[in-house]
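A.B. asks: Let's have the full structure, built from the sequences with the hints guiding it.
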Amino acid sequence: DIQMTQSPASLSASLGETVTIECRASEDIYSNLAWYQQKPGNSPQLLIYDANSLADGVPSRFSGSGSGTQYSLKINSLQSEDVASYFCQQYNNYPYTFGAGTKLELK
Amino acid sequence: EVQLVESGGGLVQPGASLKLSCVASGFTFSDYWMSWVRQTPGKTMEWIGDIKYDGSYTNYAPSLKNRFTISRDNAKSTLYLQMSNVRSEDTATYYCTRENYSGLDYWGQGVMVTVSS
Chain A
380 DIQMTQSPAS
390 LSASLGETVT
400 IECRASEDIY
410 SNLAWYQQKP
420 GNSPQLLIYD
430 ANSLADGVPS
440 RFSGSGSGTQ
450 YSLKINSLQS
460 EDVASYFCQQ
470 YNNYPYTFGA
480 GTKLELK
Chain B
4 EVQLVESGGG
14 LVQPGASLKL
24 SCVASGFTFS
34 DYWMSWVRQT
44 PGKTMEWIGD
54 IKYDGSYTNY
64 APSLKNRFTI
74 SRDNAKSTLY
84 LQMSNVRSED
94 TATYYCTREN
104 YSGLDYWGQG
114 VMVTVSS
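Protein chains in written order, with my numbering: chain A, 380 to 486; chain B, 4 to 120.
Keep in mind the hints are simulated off the structure, nothing from the lab.
From a predicted model like this one, the values you see are computed outputs, not experimental measurements.
Hints may contain errors.
Only pairs whose alpha carbons sit at most 25 Å apart, straight line, appear in this in silico BS3-like list of lysine-lysine [to be verified]: (1) Lys68/B x Lys55/B; (2) Lys79/B x Lys22/B; (3) Lys482/A x Lys46/B; (4) Lys453/A x Lys55/B; (5) Lys418/A x Lys46/B; (6) Lys46/B x Lys486/A.
Partial selection, computed: residues in chain B whose CB lies under 10 Å from chain A [unchecked claim]: (7) Ser38; (8) Val40; (9) Thr47; (10) Glu49; (11) Pro65; (12) Thr94; (13) Thr96; (14) Tyr98; (15) Thr100; (16) Gly106; (17) Asp108; (18) Trp110; (19) Gln112; (20) Met115.
Calculated from the model, a selection of chain A residues having no Cβ within reach of chain B, i.e. all distances over 10 Å [as the list claims (entries may be wrong)]: (21) Ser422; (22) Gln458; (23) Glu484.
Just so you know, even glycine gets a beta-carbon here, dropped at the ideal spot from N, CA and C.
C.D. replies: Right, here's the structure in full:
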């Protein structure tokens with residue numbers, strides 16, 4: 380199985396700040412990576428697919444980048460509605476695997 | 004509007020079986036691969052498996068393939084997850100998801116399964 384190592388596990392940031400979440404795969408996943416946002420009490424929602432493509436309706440302050448084994452999710456100008464947990468997931472190989480998640484809170 | 008509505012969860016005793024259902028609407032169900040994903044109380048996400056759009060092929064997480072079976076009824080736009088010999092570590096929220104070749108683009112609201120005596 381491909382292991383997805385996500386960091387940090389938790390993050391506290393101020394409104395308007397830029398935050399970055401990292402995800403490292405145990406082998407090359409060829410940009411077959413998605414990011415999901417899960418707000419408290421809700422189901423996850425697709426944010427980014429193919430490492431850097433924004434899903435429908437996702438604000439442009441979210442962006443994804445990376446290649447090979449290293450990927451990142453960046454949130455520019457943090458808003459209160461961005462308080463959530465974020466997960467990366469690889470779909471290059473079966474079984475699909477997720478990172479452990481990053482809980483983002485407001486400072 | 005795409006909707007995925009799971010049902011069938013609840014409290015179940017260790018060793019028992021349980022079948023979850025997911026009714027899909029708002030899209031042509033028979034055009035899509037579908038997956039089940041679960042989230043533990045500690046918030047860990049685990050992909051369980053998926054099924055091809057015509058039901059002819061399935062993939063599973065190796066640790067679950069001997070106890071979990073995914074099936075579908077395209078005439079009823081319904082996805083199923085048959086769980087057998089459940090254990091306490093199967094306690095989780097189970098999500099039905101739609102695959103689009105680039106991630107899981109729609110998720111149901113989830114259904115809770117608690118395994119306890």
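A.B. asks: For which of the previously enumerated hints does the structure constitute a violation, in increasing order of number?
C.D. replies: 4, 12, 20, 21
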